[in-house]
Amino acid sequence: MKESKKAKWVLGASGILLAAAILTQINSSTQAETTRTNNSQDVNPHNMTKREKELVQLDWTNFELTSQPAVKSERKTKRT
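Those letters in the sequence shown? Residues -32 to -1, 1 to 48, by mature numbering (1 follows the signal peptide of the UniProt record, and there is no 0).
Keep in mind that the hints are not guaranteed to be accurate.
Said to hold, decoys possible - Straight-line distance between alpha carbons at most 25 angstroms, and here's what the computed SDA-like set of lysine to any residue pairs gives:
id, residue 1, residue 2
1, K(-31), S(-19)
2, K21, V39
3, K(-31), I(-17)
4, K(-27), A(-14)
5, K21, P37
6, K(-25), L(-15)
7, K(-28), L(-16)
8, K(-27), L(-15)
9, K(-31), L(-16)
10, K(-27), A(-13)
11, K(-25), A(-13)
12, K(-25), A(-14)
13, K(-28), A(-13)
14, K18, F31
15, K44, T29
16, K(-28), G(-18)
17, K(-27), I(-17)
18, K18, T29
19, K(-28), T(-9)
20, K(-31), A(-12)
21, K(-25), A(-12)
22, K(-25), L(-10)
23, K(-28), I(-7)
24, K(-31), A(-20)
25, K40, W28
26, K21, Q36
The hints are simulated quantities; they were obtained by calculation from the structure and are not laboratory data.
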């Protein structure tokens, strides 16, 4: 290979490695921040109602939000 081609390959490879290193740093810091915000919630039991304390005691590990369409009812009120 010529010297100019070697230099281009070296510059291209180093650029790719630098970009990959930067992307992994950005990705890992974003994941760490998301995990930190999802897991840390300060709960002050002195300011909670009795119902809130009961809800906190429940097991929420399998709780997932789903977007299911609302079920339309065919029932009619007495006024119609």
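Status of the hints after comparison with the structure:
Annotation: proposed proximity of K(-31) to S(-19) holds, straight-line Cα distance about 18 angstroms (limit 25 angstroms). For the proposed pair K21 and V39, the alpha carbon gap of about 32 angstroms is over 25 angstroms, so the pair is violated. At most 25 angstroms may separate the alpha-carbon atoms for a hinted pair to count; K(-31) and I(-17) meet this at roughly 21 angstroms. At roughly 20 angstroms between alpha-carbon atoms, K(-27) and A(-14) fall within 25 angstroms of each other, so this suggested pair holds.
Pair hint K21 plus P37 does not hold up; C-alpha atoms about 31 angstroms apart against a cutoff of 25 angstroms. Note on K(-25) and L(-15): the hinted pairing holds, with a Cα-Cα distance of about 15 angstroms set against a maximum of 25 angstroms. About 18 angstroms separates the Cα atoms of K(-28) and L(-16), which keeps this hinted pair within 25 angstroms; it holds. Proposed proximity of K(-27) and L(-15) is supported: the alpha carbons are some 18 angstroms apart, at most 25 angstroms.
The suggested pairing of K(-31) with L(-16) holds, with an alpha-carbon distance near 23 angstroms, which does not exceed 25 angstroms. Distance check on the hinted pair: K(-27) and A(-13) sit about 21 angstroms apart at the alpha-carbon level, within 25 angstroms; holds. A distance of roughly 18 angstroms separates the Cα atoms of K(-25) and A(-13); the hinted pair therefore holds under the 25 angstroms criterion. As the CA atoms of K(-25) and A(-14) are separated by approximately 16 angstroms, the hinted pair is consistent with the 25 angstroms bound.
Annotation: proposed proximity of K(-28) to A(-13) holds, straight-line Cα distance about 22 angstroms (limit 25 angstroms). At roughly 22 angstroms between alpha-carbon atoms, K18 and F31 fall within 25 angstroms of each other, so this suggested pair holds. With a C-alpha separation of about 39 angstroms, the suggested pair K44 and T29 falls outside the 25 angstroms cut-off, and the hint is violated. For the hint linking K(-28) to G(-18), the alpha-carbon distance of about 15 angstroms falls within 25 angstroms, and the restraint holds.
Restraint check for K(-27) and I(-17): the C-alpha separation of about 15 angstroms stays at or below 25 angstroms, so the hint holds. A hinted pair counts as satisfied when its Cα atoms are at most 25 angstroms apart, and K18 with T29 qualifies at roughly 21 angstroms. Of the supplied pair hints, the one linking K(-28) and T(-9) is violated, its CA atoms being roughly 29 angstroms apart against a limit of 25 angstroms. With a C-alpha separation of about 29 angstroms, the suggested pair K(-31) and A(-12) falls outside the 25 angstroms cut-off, and the hint is violated.
A threshold of 25 angstroms between alpha carbons decides the hint, and for K(-25) with A(-12) the separation of about 20 angstroms falls inside it, so the pair holds. At roughly 22 angstroms between alpha-carbon atoms, K(-25) and L(-10) fall within 25 angstroms of each other, so this suggested pair holds. Distance hint between K(-28) and I(-7) is unfulfilled; the C-alpha atoms sit about 32 angstroms from each other, more than 25 angstroms. Using a Cα cut-off of 25 angstroms, the hinted pair K(-31) and A(-20) holds, with the two alpha carbons roughly 17 angstroms apart.
For the given pair, K40 sits about 29 angstroms from W28 by alpha-carbon distance, which is inconsistent with the 25 angstroms threshold. Between K21 and Q36, the direct Cα distance comes to roughly 29 angstroms. Violation of the 25 angstroms bound is thereby established for this hinted pair.
In summary, the structure is inconsistent with hints 2, 5, 15, 19, 20, 23, 25 and 26 from the numbered list given earlier, while agreeing with the others.
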